[in-house]
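Undergrad: Residue numbers (our numbering), protein chains in the order written: chain A, 881 to 1081; chain B, 7 to 456; chain C, 28 to 345.
Worth flagging that the hints you see were computed from the coordinates, not collected in a lab. It cannot be assumed that every hint is accurate.
Stated by the list, open to error - Here are the simulated EDC-like cross-link-like pairs (lysine to aspartate or glutamate), alpha carbons at most 16 Å apart as the crow flies:
#  : chain 1 : residue 1 : chain 2 : residue 2
1  : C       : 62        : A       : 1056
2  : C       : 115       : B       : 365
3  : A       : 1048      : A       : 956
4  : A       : 983       : C       : 48
5  : C       : 63        : C       : 41
6  : C       : 63        : C       : 97
7  : B       : 270       : B       : 336
8  : B       : 452       : B       : 399
9  : C       : 62        : C       : 78
10 : B       : 432       : B       : 365
11 : C       : 62        : A       : 1019
12 : A       : 1076      : A       : 1044
13 : C       : 63        : A       : 1015
14 : C       : 63        : A       : 1019
15 : C       : 92        : C       : 48
16 : A       : 995       : A       : 1019
17 : A       : 1048      : A       : 921
18 : A       : 983       : C       : 52
Computed from a predicted structure; not experimentally measured.
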Amino acid sequence: MTDGTETTVSPAAPASAAQAAMRAVLDASAVSRALTRIAHEILERTQGADDAVLLGIPTRGAHLATRLGAQIAAVEGLELPIGTLDVTMYRDDLRLRPARAIKRTEIPSGGIDGKLVVLVDDVLFSGRTIRAALDALGDIGRPRAVQLAVLVDRGHRELPIRADYVGKNLPTAQRETVQVRLAETDGQDAVLLGVKGAGAR
Amino acid sequence: MSELASEKPSPAADAYTERQRGGGSGNWTIRGARILGGEARDLFIRDGVFVAEEVRGAQVVDADGLIALPGLVDLHTHLREPGREDAETVATGSRAAAAGGYTAVHAMANTDPVADTAGVVEQVWRLGREAGYCDVQPVGAVTVGIAGERLAELGAMADSAARVRVFSDDGHCVSDAALMRRALEYVKAFGGVVAQHAQEPRLTEGAQMNEGEVSSALGLRGWPAVAEEAVIARDVLLAAHTGSRLHVCHLSTAGSVELVRWAKSKGYPVTAEVTPHHLLLTDDLVRGYDPVYKVNPPLRTQADVEAVRAGLADGTIDVVATDHAPHPVEAKDCEWAVAAMGMLGLETALSVVQHTMVETGLLDWAGVADRMSVRAAAIGSLDGHGRPLEPGEPANLVLLDPAASRTIEPAELHSRSRNTPFAGLKLPGAVRATFLRGTATVLEGKVIDR
Amino acid sequence: MKRHLLSTADLSADDATLILDTAAELARIADRPIKKLPTLRGRTVVNLFYEDSTRTRISFETAAKRLSADVINFSAKGSSVSKGESLKDTALTLEAMGADAVVVRHWASGGAYRLAHAGWIRSAVVNAGDGTHEHPTQALLDAYTLRSRLGSLEGRRIGIVGDVLHSRVARSNVRLLSTLGAEVTLVAPPTLMPFAVEGWPCSSSYDLDPVLPKLDAVMMLRVQRERMDQAFFPTEREYSRRYGLHAQRMAALPEHAVVMHPGPMNRGLEISAEVADSTRSTITEQVANGVSVRMAVLYLLLGGSEPAIGTENEGGAK
């Protein structure tokens, strides 16, 4: 998860107490269905997506991008270029928190100039992560267009940013937390809703 | 604590206060002081001299629980005047001395101008008398300008009003063996002693701290123990050869203690001193690169600390001398490499000795009196100091409260400078009163303005 | 609070690994057309150099600029420093100028430590070499270079050869490489071996030849010619013969072993031209890696509300 004000339970953290306080709003099959739908929408809205590049925002966005790529390949037999885009160094809230380890940025060999870049993230919240991602993209190249795919849109935007593809619109209160759990990082797929401070780290 | 309460009836209170301010007329009754830490008894002073009978109308000092020692004598003090009055003056330094329980200090010669003529030593001596806090006995330089080349006019200094008996180039070593031999021989004519700062110059070029594990880790050039020991070894042999008195300044290593012990076992005319900081502190403190711990000779290792304590306890080391070395703030508030060497010592020496020697059982209070007063006065040929607290003797004494403890605050020191390595340390003991020939220089723990 | 990089002894294995990993990510940015990141925009980094070291200063300057920090170069030449201004007064000036970080090169051991701890300034202090004490970013870039050539440093054998006594690079490397699990052997003539080296986390030898065949990397230290006048060794020829790395000696190294030098080199004294220019030599790589490593250090110290590296306590010496 990369959005500034949300929390993540690491796999190592004691899960029981945290999970007791958190409610699953999407289970594994619902996550899977949402991704399949997004994959189809990308194909539809980009008319075959032949110049699309999927860039996931680490950590979970990167895994989602890989999965979307696989889904698209399964549907259309089309191997889209997939990469990762770390936005840490472009964040506007760096001074609010301790310096963080930076993650991998891996731009596919074809680059992004003139391409349709689909940014992929797990949760869309304030929109600040995506703002940072757009700045980072600008330093790497000049895409034809940029679109945004997210698994969950929980609202509370602080910037004029919207997603093109949404797995699930999830109305939340500010004091609630949304956690996306993926098999790659957390052992299983789920989207959990909880209350800030109620066990979540 | 009301250890220095007066028994004066109220009508005379004003007069009493008046005399108190001036440090008293010289007639005192000191009630119940433990003499050298032993039995408590009363001491009577008339006109600056101990007497057998209480003097009528004498001021009374309640010394219940206090220990009386002869006024302390420092063989090694830097008063900085003339030349560096921004660091210390004879007046401020001798106030600090009184506060520390001293009634006499030997003012080192490395002033500017150097105390290498009768004129300069007499000036320092006179400034000390004018200040009146303790006897300031000048040390004369061995060589002109402490440059280590030509003998200074030692005889003229000895014959001057200052009556110089201790000669030292302290800060520099008289490294030329032939010159050292001549100096030792020459001072025999007037019963002088050469106090050597033992430091082989070539082995210590650019040296910044003790050579050891710490210097190696910190990348600071080391100051090997052998640089001190090699000079001491040579000098004790020269003392034996010339039959003249050698005093080893601020020895700091286990090897130096061994050499002096050997020399004494041979009957050579050798004495030695150790500083309070070498009794307590080690080179580990340098790890923070704080120049307050920069000193010459450098702080050594724990093994050296234990060796100098043992040497002081068994008498191999004759005296504790402070090497009180005031420096202005800017000389210490800087990089280690450019900082001046030296530490304050006068106002903390007795506490450090209590902490390191008395509380460890290595010395009793009679031993402290011996090492901090009696032997120092003898080495310096200083009349009237280091004497027993007996009728007929000059009333030089210090009253200390061994049960007190204090945290050293640089801002509270009487020295003009603040470079104490003991800042923030909690040390035992406190000087409650100091008397110089019957005149109180310190009362109720406070220096009396003169 | 952990906010300075003064010694590699202050770095845990996790800290060091975080710096090296971050540097590896940042190195990739050097290949992009736009090499600049906005991360330290509005922050001021002062390069305070009391010793000439163009290469180190340029490396730090480049690193800071790539992170969009404002850079002020304050060098001993042509400034008030050369007019006898004390380190303290210079520090107070920098504090007044609002420096967020001071990168300091100082001729005195402990210069950086004093600047960080004497209470003169609040900014982060990065030691860019202090006397004969430490040069932590040099050691980090050496470790980075070794890692990129050899993989993990765990159990790797690294020789450091030459004037260890006066070398801040050696001190920093011994501490860092041993923290990262490498086995370090120091090789020097007895006169240039530090006192009490037995207490260091490494082994030592007066002989180079028996050590070479076991090494994964050998780091040659610069030998200053004036050491000869101070009788640390008799002649350059004798030094070179006993401790210099030439082609014949290099052949004794295992196939995969690399040759390092922090620079600047004395070709023909501690290292022959043939060795310096061989494919085993990492010397130019070391320079390039310097920028990434220094970017990582500046980012991790300044990039957040509090630094992410360093375990140094502020308690001072007592």
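Undergrad: Take the hints in turn and mark each one as holding or not.
TA: Consistency of the hints with the structure:
1. C/62 / A/1056: 39 Å, violated
2. C/115 / B/365: 40 Å, violated
3. A/1048 / A/956: Violated, at about 24 Å.
4. A/983 / C/48: 9 Å, holds
5. C/63 / C/41: 27 Å, violated
6. C/63 / C/97: 13 Å, holds
7. B/270 / B/336: Given that 16 Å is the threshold and the Cα spacing comes to 42 Å, the pair is violated.
8. B/452 / B/399: 25 Å, violated
9. C/62 / C/78: Cα-Cα ~29 Å, so violated.
10. B/432 / B/365: 14 Å, holds
11. C/62 / A/1019: Cα-Cα ~8 Å, so holds.
12. A/1076 / A/1044: 28 Å, violated
13. C/63 / A/1015: Holds, at about 12 Å.
14. C/63 / A/1019: 8 Å, holds
15. C/92 / C/48: 20 Å, violated
16. A/995 / A/1019: 15 Å, holds
17. A/1048 / A/921: Holds. Residue 1048 of chain A to residue 921 of chain A sits at ~14 Å (cutoff 16 Å).
18. A/983 / C/52: Distance ~7 Å between residue 983 of chain A and residue 52 of chain C Cα, so the pair holds.
Hints 1, 2, 3, 5, 7, 8, 9, 12 and 15 from the earlier list are contradicted by this structure; the remaining hints agree with it.
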